[in-house]
Amino acid sequence: MTETLEKKIEPLQDLEPSEPPHSQWKDVWDQFKKHKGALMGGSFLLLITLGVLFGEYIWTLDPQKLDIRNKDIRPIYTILWDSGAKVQWAHPFGTDNLGRDALANMIVGGRTSMAVGWVAMLLALSIGTTIGVLAGYFRKLDGPLMRFTDLVLSLPILPLLLVAVTLFRDALRAHLGPETGMFLLIVGVVGVTSWMQTARIVRSEVLALKEREFILAARSIGTTPGAIIRRHLLPNVISPIMVSATLGLATAIITESALSFLGVGFPPDFPTWGKMLADAVPRMDQYPERVVLPGMAISLTVLSVNYLGDGLRDALDPRIRGR
Amino acid sequence: MLTFTIRRLILAVPTLLFISLVIFLLLELAPGDPMAQVPLTVPPEVKAKMREALGLGEPLHIRYWKWLVQFFWIEPQVLFDSIFDTSFSEGKQRILSWQTRSPVMDMVVQRLPQTLWVVGMSYVVGILIALPIGIYSAYRQYSIFDQAGTFVTMIGFSIPPFFTGPLLIMIFAVQLGWFPSVYDTTHVVNDWDSFMVQLRQMIMPVMVLALQTTAQISRFMRSSMLDNLNQDYVRTARAKGLPEKVVVMVHVLRNSMIPVVTAIALGIPGIFGGAIITEVVFKVNGIGDQLLNALFANDLPSVQTLAFMIAVLIVLFNLIADVLYGVLDPRIRYD
Amino acid sequence: MKVKTLMLGAAAAFAMAPAAMAERGADGHVNIIYWQAPSILNPYLSGGTKDIESASLVIEPLGRYDPNGALVPYLAEVIPTVANGGVAEDLKSITWKLKSGLKWSDGTPVTSADVKFTAEYCMHPEGGCAQFAKFEGVDNVEIVDDLTVTVNFAEAKPNPYSAFMGGQSPIIQAAQFADCLGAKAPECTSANFAPIGTGPFKVDEFKPNDVISMSANPNYRDPAKPAFATLTFKGGGDATAAGRSVLETGEFDYAWNLQLAPDVLAKMAEGGKGKTVAAFGSLVERLEMNMTDPNPALDADTRATRKAPHPFLTDINVRKALSMAIDRNLLVEIGYGQAGRPTCNLVPGPAVYASDNTDCLTQDIAGANAMLDAAGWVKGSDGVRAKDGVRLSILYQTSTNAVRQDFQALIKQWWSEIGVETELRNLNASVFFGGDPGSPDTFQKFYADVEMYANNFDGTDPQAYLAMYRCGNEPKPESQWQGENINRFCDPEYDKLVAELSKTSDLETRYALAKKMNEILTKETYTIVPLVDRGRVSAHANSLGGVVLNTWDSELWNVSDWYRIK
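Protein chains in written order, with this note's numbering: chain A, 1 to 323; chain B, 1 to 335; chain C, 1 to 566.
Keep in mind that the hints were calculated from the coordinates and are not lab data. Because the structure is a prediction, the values reported are computed rather than measured. Quick reminder that beta carbons are idealized off the backbone N, C-alpha and C, glycines included. Hints should not be assumed to be uniformly reliable.
Each computed SDA-like pair below joins lysine to any residue, with the alpha-carbon atoms no more than 25 Å apart [as the list claims (entries may be wrong)]:
| no. | chain 1 | residue 1 | chain 2 | residue 2 |
| --- | --- | --- | --- | --- |
| 1 | C | 184 | B | 90 |
| 2 | A | 71 | C | 262 |
| 3 | C | 184 | B | 82 |
| 4 | C | 116 | B | 42 |
| 5 | C | 207 | B | 121 |
| 6 | C | 273 | B | 175 |
| 7 | A | 140 | B | 18 |
| 8 | C | 184 | B | 48 |
| 9 | C | 184 | B | 79 |
| 10 | A | 65 | C | 393 |
| 11 | C | 275 | A | 284 |
| 12 | C | 412 | A | 98 |
| 13 | C | 184 | B | 89 |
| 14 | C | 496 | C | 461 |
| 15 | C | 207 | C | 25 |
| 16 | B | 49 | C | 191 |
| 17 | B | 49 | C | 455 |
| 18 | A | 36 | B | 229 |
| 19 | A | 71 | C | 416 |
| 20 | C | 412 | A | 270 |
| 21 | A | 86 | B | 170 |
| 22 | A | 140 | B | 6 |
| 23 | A | 65 | C | 386 |
| 24 | A | 36 | B | 136 |
Partial chain B-side listing against chain A, Cβ under 8 Å, derived [what the hints assert, rightly or not]:
| no. | residue |
| --- | --- |
| 25 | 27 |
| 26 | 158 |
| 27 | 266 |
Taking CB as the label site, the calculated pair distances span [said to hold, decoys possible]:
| no. | chain 1 | residue 1 | chain 2 | residue 2 | range |
| --- | --- | --- | --- | --- | --- |
| 28 | A | 170 | C | 382 | 22 to 32 Å |
| 29 | A | 34 | B | 14 | 47 to 57 Å |
| 30 | C | 380 | B | 148 | 51 to 61 Å |
| 31 | B | 62 | C | 107 | 43 to 53 Å |
Let the sequences and hints guide you as you build the complete structure.
Have a look at this one:
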């Protein structure tokens, strides 16, 4: 008993942190790791991206090389149910009606499709989010920006494309070459004509959010509008943005194919998944693989982006994180 | 809210005029020639005469002014005449299509019913399927239902209608022979049997279109529900002992509808615009088919009129969406 | 002389046509599908094939061309010739005599006034008539009596069969169109949508760009025809869907112009509900060589005009090598199948006009390489030939169309084998074939080195077609880029032949002149490199009888003879 009295009474001390303080991003990553779908989606997306980027160094066939003698080869798996099918190990995914190797085309086409999809989607997303947030938050900008959105929504797309092609194609081709020039043009057109839905949805969410108490609180302690948008509004509208992003990626890949279909897209010797799919539709009962392979590639890419988006949204939401 | 609506309606007039001018200039600037579909065997001098007969020789501002007068003054008179059997519009020049040389509005009136039937029906079907899927997927996030729903809707969304259309035709028209592959636009519904025929020919185009709508709306519904299910007010509602059904279907649902309403409202002008690819695949003579035809033939009066009518609907439905936000969330105030 | 023998052949063909069914309307209903939908039923206001052919069910010309390209009288008693006195010796007039007792579908008689009115309608200066070229050179139309008219030409016309001949210039009813002359033509919507005619069918309802419902004309001149009481003419969609609806699902009886890859068509035909029919006309898919420089660095008044000759396509060795490298047989196999034949001729038919020019049919890559080597074009390190700093690098454009893109890929490959670099471009058909002078992408402006498209001529006489390639007729800034000499070809010798052909009436001499001109443009200069003589493939249901495919006139030329096989 007495011994305890003799002990000096020490000031109350905090426990030493058991591990060094971790950043917000580590929390995000921890939460993200828990989401199986997101992990799978993410790794699949990584795989497909690496595949289309470096695939041509492994599978070195020239995608444009025509080989008429070996046309209409079926993919190798056809042999499983049809032993008489025309298959060759040299063309595991088969060849098209001019004897071009399908695998090589999938790789090169995928690179274009992925690039168009991502760049156009990011472009549309950034325009849409900016306009949506500005219109929703600043009442003065709401009218003009939303009327501008109405205007762009009501423009018929085909003439718009033709105008863009007429005005810019030659200049871009002269400065950047036919391929890069066309790429920028298409990405620009797809991006510029698909941001409106995002803008309207983001605005609608911001309109509701900005009347909430936490925004009022932030404003009352003198937070600048810029900071309110960045710290309080954007994180709260992340989920419609994510949905728009996944839908936007698919739309961009498909729109690109529709453009080629109408004769305003990439040159004909420039394969893309969307174009391969569109070209193969008339022969889909004879050669289903020609629609199934590019169609699956597009769907799987979109699905994996979708799961990745789900995971990111969960991970970025502080209310879910840590639960 | 009322003053807001009135102010917006008044403001819509100059907006729409400006939009019509931009559309007009865009069409003028776009390359193309109404003579493109005339065979090459017709010599250029004859084509030049034909262009002149279409009024292409007149200066830009006069043509724009003419269109404005025809659209805002003469066409309403024609409408008035046909309703009240008067004759204000007699002898006045209506908006004539370059392709068919007939009034554009007559064609719109002829085609609107098919578009509303097929595209409108698919929209309703799509939304009716999408809302429950979205709600249930969010409520049971990561359940098997949710995973399957996500999978199917995303595949549905990422496969374009120019593929799903022919695929359905291959299966149901060619192989099974259940439905016709060509939409019969002369069919008249007057009894039960003819109604069934109409239903059968509508099924495939409606399904193709509904797939797209379902995918989109259910995604927005699900994500918006997810955001709201974790809010504090939901916990409060549950804590005070409200039945789960009320919590989800009243509290959460109403608060989640804002982005969904936007997406739905944005889609409605699209209904009137028709579904270009699906209408062409199934040969439904709707507005989308008319617009595509006019675009390919460079039939500028038709394109201008159709595009402008769609613009009016866009402005109108965006206004309706804005009003609905206020109803759904009384905290939103515009004035 | 020749015309007469051809006509006898036609008469024989007619006699062989199956015996007419006993009664008008006995076979019920027939469905026709065209994947391009008709917009108007007045061919004078629209030059579109879909409009001309759908109108041909209702309104008829004085005479038509049969499947062999011979002339057959329709509303006329006989085809006028110099021999039977119908055409004046000096070739300055032609006299047509109508069959007696002809009636319009509303029961009123057809008279020579209707014929005269038709000419007035189309020749009205403000009407913008699409078939104006058919009436070119017509001075006036004179009524001789109720059933006889004389068409007077301003100068001698070796080929007087243009006005009132063929689906493009049918006779319209004067009473119906009386108030529709000139600028008022487009306002007569009801007349343009349902013309009163003499043909086997009359219009019940017309939905523009969609569908036409028709029924048998009660006043048709042959009381036993047509065999069908009603007809539905559906338009729209694409060739694949149209073919499927006849060959696979059997929903339709006749589908027009199935421009599909041969393997796709063959697979459809396995459906067993119908069969395909093919015939050849004068349509030739060709490569056009640009003789002028399309370099974008040049200013707008010089680019692609005769002021700036092309840096390397002006060398005949290059043009010939480009032609030699092409395997036309393979192109046909891939793209057209039974609907195509390899050809080296710009004028592939009728047979009397076709030159026996077959040099280009065998591919010769080694020969092309040797020729380019000899001409001083040497391969550089990148495999592309060059001479004096000019590289053989070609921009090759065409309209968007699956078969054309396959051709582009194949030809690019062959050209790379002879050391020519190719950049491909495809353009929206409505821009490419439109004549908008503001667009850089029209085929007339030709801002490319080589372009590919198909063209043909009306009727059976190639005179106007060959005259397109005369000096000065090229598209140029001064003419708002309108003009038909797409290659900017110019040869005074050729112009002399053009002038001679327009004066010659002796048929044998005309054939020889046309052959010579065709050879100048093709095998002597390789200005135009023909690829495929494109036929027409249509499909009809197994149960539809009497179909005789005709490429020289409307495909529905003999619809009154169609019947249901029972």
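Violated hints - listed by number, lowest first
Result: no hint breaks.
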